[in-house]
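Trainee: What follows is the residue order along each chain.
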Amino acid sequence: DTGVSQDPRHKITKRGQNVTFRCDPISEHNRLYWYRQTLGQGPEFLTYFQNEAQLEKSRLLSDRFSAERPKGSFSTLEIQRTEQGDSAMYLCASSFRGTHSGNTIYFGEGSWLTVV
Amino acid sequence: GENVEQHPSTLSVQEGDSAVIKCTYSDSASNYFPWYKQELGKGPQLIIDIRSNVGEKKDQRIAVTLNKTAKHFSLHITETQPEDSAVYFCAASKGTYKYIFGTGTRLKVLA
Numbered sequence: 001d002t003g004v005s006q007d008p009r010h011k012i013t014k015r016g017q018n019v020t021f022r023c024d025p026i027s028e029h030n031r032l033y034w035y036r037q038t039l040g041q042g043p044e045f046l047t048y049f050q051n052e053a054q055l056e057k058s059r060l061l062s063d064r065f066s067a068e069r070p071k072g073s074f075s076t077l078e079i080q081r082t083e084q085g086d087s088a089m090y091l092c093a094s095s096f097r098g099t100h101s102g103n104t105i106y107f108g109e110g111s112w113l114t115v116v
Numbered sequence: 001g002e003n004v005e006q007h008p009s010t011l012s013v014q015e016g017d018s019a020v021i022k023c024t025y026s027d028s029a030s031n032y033f034p035w036y037k038q039e040l041g042k043g044p045q046l047i048i049d050i051r052s053n054v055g056e057k058k059d060q061r062i063a064v065t066l067n068k069t070a071k072h073f074s075l076h077i078t079e080t081q082p083e084d085s086a087v088y089f090c091a092a093s094k095g096t097y098k099y100i101f102g103t104g105t106r107l108k109v110l111a
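The listed protein sequences derive, respectively, from chains A and B. Residue numbers are given in this note's numbering: position 88 of the first sequence equals residue 88, and the series is strictly consecutive. Residue numbers are given in this note's numbering: position 101 of the second sequence equals residue 101, and the series is strictly consecutive.
I should point out that these hints are in silico values taken from the structure, not numbers from a laboratory. One thing to keep in mind: the hints can contain errors.
Stated by the list, open to error - Cut-off 27 Å, straight-line C-alpha distance, at most; resulting in silico cross-link-like pairs (BS3-like, lysine-lysine):
#1 K57/A to K42/B
#2 K98/B to K37/B
#3 K71/A to K98/B
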């Protein structure tokens, strides 16, 4: 499977615990994105990497959230001291920034987080 | 900030009929408009997209139209089939990584 891979697919955690999600983008895609989706809503942009550099963070990304892409390949999204409002699906996506400025992004299957 | 409105929120059609979903965007600088299909418990899957230099694009039973003057774009699905049942999202982008999504349309195709 050469699509965007996310792990775990589902996570139930107690309020106050830390959680980490992993994303493996499509091979050779140099751009990686994290979005968040709550029930009945469209995805909302969280952050974006080009290679290993995190180039933008949304205001939705509070200081309890941190994302990394240490070698420009896979990425992790960590949420510290989880709150019930963090319950959502966290979507990873990737794209290739080439000479033709293509900006089509491809999403993974998402990681569902439930904070109880 | 930029906003994308999507209508209707739910749509039921008989199998074989056509379905139309409409979106309006607020930022006139938007120049890329993808449509995604999302099935229950899965991530959004790109089904068609259109760039601002094109007024219409078609791919088999799916077509998208764009009216830049009115800042409207629409998804048309013809000869609907039960497997078309899903939630459809439109999005707008200014040629960058940040997509602004609509709130989705739940399409039900009745057999």
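Trainee: Take the hints in turn and mark each one as holding or not.
Mentor: Taking the hints in turn, this is what the structure says about them:
For the suggested pair K57/A and K42/B, the alpha carbons sit about 24 Å apart, so the restraint of at most 27 Å is met. At most 27 Å may separate the alpha-carbon atoms for a hinted pair to count; K98/B and K37/B meet this at roughly 18 Å. With a C-alpha separation of about 22 Å, the suggested pair K71/A and K98/B falls inside the 27 Å cut-off, and the hint holds.
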